[in-house]
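Residue numbers (my numbering), protein chains in the order written: chain E, 1 to 386; chain W, 1 to 349; chain G, 1 to 133.
Treat the hints as calculated values from the structure; they're not laboratory data. Since we're looking at a predicted model, the values are computed, not measured. Wrong hints could be hidden among the right ones.
To be verified - With a cut-off of at most 25 Å between alpha-carbon atoms, the simulated DMTMM-like pairs for lysine to aspartate or glutamate come out as follows:
(1) Lys344/W / Asp119/E
(2) Lys330/W / Glu52/G
(3) Lys346/W / Asp119/E
(4) Lys101/G / Glu328/W
(5) Lys22/G / Glu81/G
(6) Lys340/W / Asp94/G
(7) Lys346/W / Asp71/G
(8) Lys330/W / Glu109/G
(9) Lys63/W / Asp98/G
(10) Lys318/W / Asp94/G
(11) Lys230/W / Glu313/W
(12) Lys155/E / Glu44/G
(13) Lys168/W / Asp72/W
(14) Lys330/W / Glu44/G
(15) Lys101/G / Asp119/E
(16) Lys24/G / Glu44/G
(17) Lys347/W / Asp94/G
(18) Lys340/W / Asp119/E
(19) Lys318/W / Glu109/G
(20) Lys28/G / Glu132/E
Stated by the list, open to error - Which bits of chain E does chain G cover? Going by a derived footprint, with three or more residues having C-beta under 8 Å, they are:
(21) 133-140
(22) 195-207
(23) 243-254
Glycine included, every Cβ here is placed at the ideal spot set by N, Cα and C.
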Amino acid sequence: MRTVCVVGVGMSQWGEVWRRSLRQLFVDAASKAIKGAGVDHLDSLYVGCMSSGLFVGQEHLGSVMADYLGMRGLPAMRVESACASGGMAIRAAFMEVGSGMSDIVMASGVEKMTDCDGDQATYALATAADQEYEVFHGATFPGLYAMMAHAHMAKYGTTREMLSQVAVKNHDNGALNPVSQYPFKITKEAVETGVMIADPLHILDCSPITDGAAAVIMTTEEIAKKLGKPYVRILGSGAATDSIALYQRPDMTTIKAATLASERALKMAGRKITDIQFAEVHDCFTIAELAILESIGVYERGKAGPATLAGETARDGKFPVNTSGGLKSKGHPVGATGVAQMIEVYKQLTGQAEGERQVKGSPKIAMTQNMGGSGGSSVVHIVEVA
Amino acid sequence: MAGIVGYGAHMPRHRIKVEDIAGVWGADAPSYKKGLMLREKSVPPPDMDTITLSVQAARNALKRASHVNPADIGAIYIGSESHPYAVKPSGTVVGEAIGITPHAHCADFEFACKAGSEAMFVGLSHVDSGAMDYCLSIAADTSQGAPSDALEYSAAAGAAAFIMGKDKLVAECLFTHSYMTDMPDFWRREHEFYPQHGGRFTGEEAYFAHTLGASKAILEKSGMKPADFKWAVFHQPNGKFPQRVSRMLGFTQEQIDPGWLAPRLGNTYSGASPIGLTGCLDVAKPDDLIFMCSYGSGAGSDAFIWKVTERIEEVRNKAVGTHKLLDENKIYVDYGTYAKFRRKIKKND
Amino acid sequence: MKMFSSRAWRENPQRYRMEAAKFKKSGKTYFPPRDIDPETGDTENEIVTLPETGKVLTYTVIRVAPGQWSDQSPYALAVVEMDDGTRVFGQMTDCNVDEIKIGMEVRAEFRRLQTEGHSGVLSYAHKFVPKWY
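Put together the whole structure using the sequences plus the hints.
Now the structure itself:
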């Protein structure tokens, strides 16, 4: 395998972007990435997107996006793994460049979630769960993660305050991110008194509905050097699946797909979890961040909550998590999230994170962890500064 | 002769009190309670309907007839005036859930409040004739009462299921008699949500005439007198009618007590006298004679004479008793919740 | 979104009768039944009926419900371990949602799960009620 690097990045506006369509959001992000990298062509394109068909009635995204990017004829393919679609698009591009098949590949993600009403959006998102045996019975995503939270609280004594702190910390970071959907701080009181969605998760425990796109240019180290722009190396890629339904997992307090994906990525990279200095993880709900950190081995079971309360995962802590603001504050256009995680890690490692958000001490190596559904799939990348 | 091999009942946990209905319509609760002899009724939540009540009642019946393989049941008949579909039988869903399908006969019955006893009547007949070894007859309803109408105080939900057979009987059926005339006392046209009724006309010439007609005929046919019976159960649209008709025939309050459930269950329509019968079986002893007469508007009555066997002591506790279902673990709701549950609120759909 | 009736009909054996697949090699039972044991790859299995009772392993209360469930909001969802160890997922009903506890004993009851508008099909399966008898 050749070494694969990320050399240009771009994001569209993230939020309720009424004036930009699915394809326009993609073009906004993709154009910035191409300009940022300074490449004059692409060899192929991957578009991560969970549910454009259900949200806006559009499938066949490879064709649509290549067309609107002004690159008719380009090989292009849609990648789907629910909320891990973006991370899987990066993995696909990683394989295509790493194998030698192509030299310059764009990995992108996009989701347009506001062209439909709340019920339709909920229906579309629910397709990431077990349609016949979870959704049929009335399960919603907040509901599934809430069940994970109750189980975690019963088994480890994780508290309501620990969950709140995840949201508070991520907003602290997101307030400094110009791209954030919700660029403001929040308080623990606000989290705990907000409307209850599914016991014990309140509205501020949940990531929002967001329109947005993100894109990165992936290429060989040789080409990255020639382009003369800051770049990072992807040392390892790991992916895994687990049962689609939460109820069928022997231990509902841990995310086995994240554990396996992380082990595989670290093995390919020749690194251990203790080598990782900061991470972007999939905080679709506050409990998810805690469960993931334990699943990938950053903390022992039951210890992520106390560590979060102690400030260890703050941007100036021992192990900064979600300096971008995470899904909670930055937003979660489903298919784009995995790619945005890579962009944050790229910016931090190359010293380009805006303002106060920049992690101090010039960290060298980071992890991105992206996840689908209630943990049915996960994809992890290990990234190193060049 | 054929009889009951297994029996069971089921009903909602939820109840609403007469006062809570009267309060909304500005009606005088005490006079309704006194006039109807009814204090509260059962309310089916949105996830209960005639089909689900039937499945649970049938499962209880199978628990009391645990030697019966559902696949050996030759027919399933469900009598109701609130079948969930206008066209598609309740019996096929219940049959599938119980494991009766595919080699069985199925038909849904309707005849206002006597659709349930009808299913029992036909079931007994099939077994008597030798056409089949077992027949499952179910009486179930989640009836609707029009808002502010007198019937809103009593329209309730419940089900009773009976496995009819020839051997290992819990109660043998000694006699049956059916009596019916064309009588426009209560009806519902297709596509209408609520029924219509003739007010006071539903009394003397309807409920009483037919109940008395069938009851007197079966007493004559059998050569028995009211005093020969240990228990008696009548159709109970409210607490008052069965009490009055039982006196008119010569039965006592003690005889009707265990089957007289309307005062706190409401009118379970097709389920009324069948569930009342299971209430009697809660307390019956071997050799007890039970008198039963249903009534359905339109109108007609099915009368039955049952003789309880020794097997009642063996099987009574194999499933939950009717009085326990009626009197324990109740969840009271207010009128708003009741209206929401019964789909009486106009929504934007 | 309207669901074509064949999709619901196909699931009837498991939804109506709580049928599950017990695999020969591992002895484990999965609900709903499936062709391949997810842990061993074994395909030899027999259909069994799950017991009626079990206990709650975890739960939540949905307070902001999707449109089709709004009549029943708030409603509780639970992961239940049936008495034979098989895991099942479903709604809790006939209970005060604020009184549900992990470890609570429950009984499966046949209930209507979905009503498709005024003219569509009715779907049935099991919900869980607190075991009170």
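Results of checking the hints against the structure:
no. : hint                : in the structure
1   : Lys344/W / Asp119/E : holds (23 Å)
2   : Lys330/W / Glu52/G  : holds (22 Å)
3   : Lys346/W / Asp119/E : holds (20 Å)
4   : Lys101/G / Glu328/W : holds (21 Å)
5   : Lys22/G / Glu81/G   : holds (15 Å)
6   : Lys340/W / Asp94/G  : holds (15 Å)
7   : Lys346/W / Asp71/G  : holds (12 Å)
8   : Lys330/W / Glu109/G : holds (17 Å)
9   : Lys63/W / Asp98/G   : violated (32 Å)
10  : Lys318/W / Asp94/G  : holds (23 Å)
11  : Lys230/W / Glu313/W : holds (16 Å)
12  : Lys155/E / Glu44/G  : violated (35 Å)
13  : Lys168/W / Asp72/W  : holds (15 Å)
14  : Lys330/W / Glu44/G  : violated (46 Å)
15  : Lys101/G / Asp119/E : violated (29 Å)
16  : Lys24/G / Glu44/G   : holds (6 Å)
17  : Lys347/W / Asp94/G  : holds (24 Å)
18  : Lys340/W / Asp119/E : holds (20 Å)
19  : Lys318/W / Glu109/G : holds (17 Å)
20  : Lys28/G / Glu132/E  : holds (21 Å)
21  : 133-140             : holds (count 7)
22  : 195-207             : holds (count 7)
23  : 243-254             : holds (count 6)
Consistency with the previously given hints fails for numbers 9, 12, 14, 15, ordered from lowest to highest.
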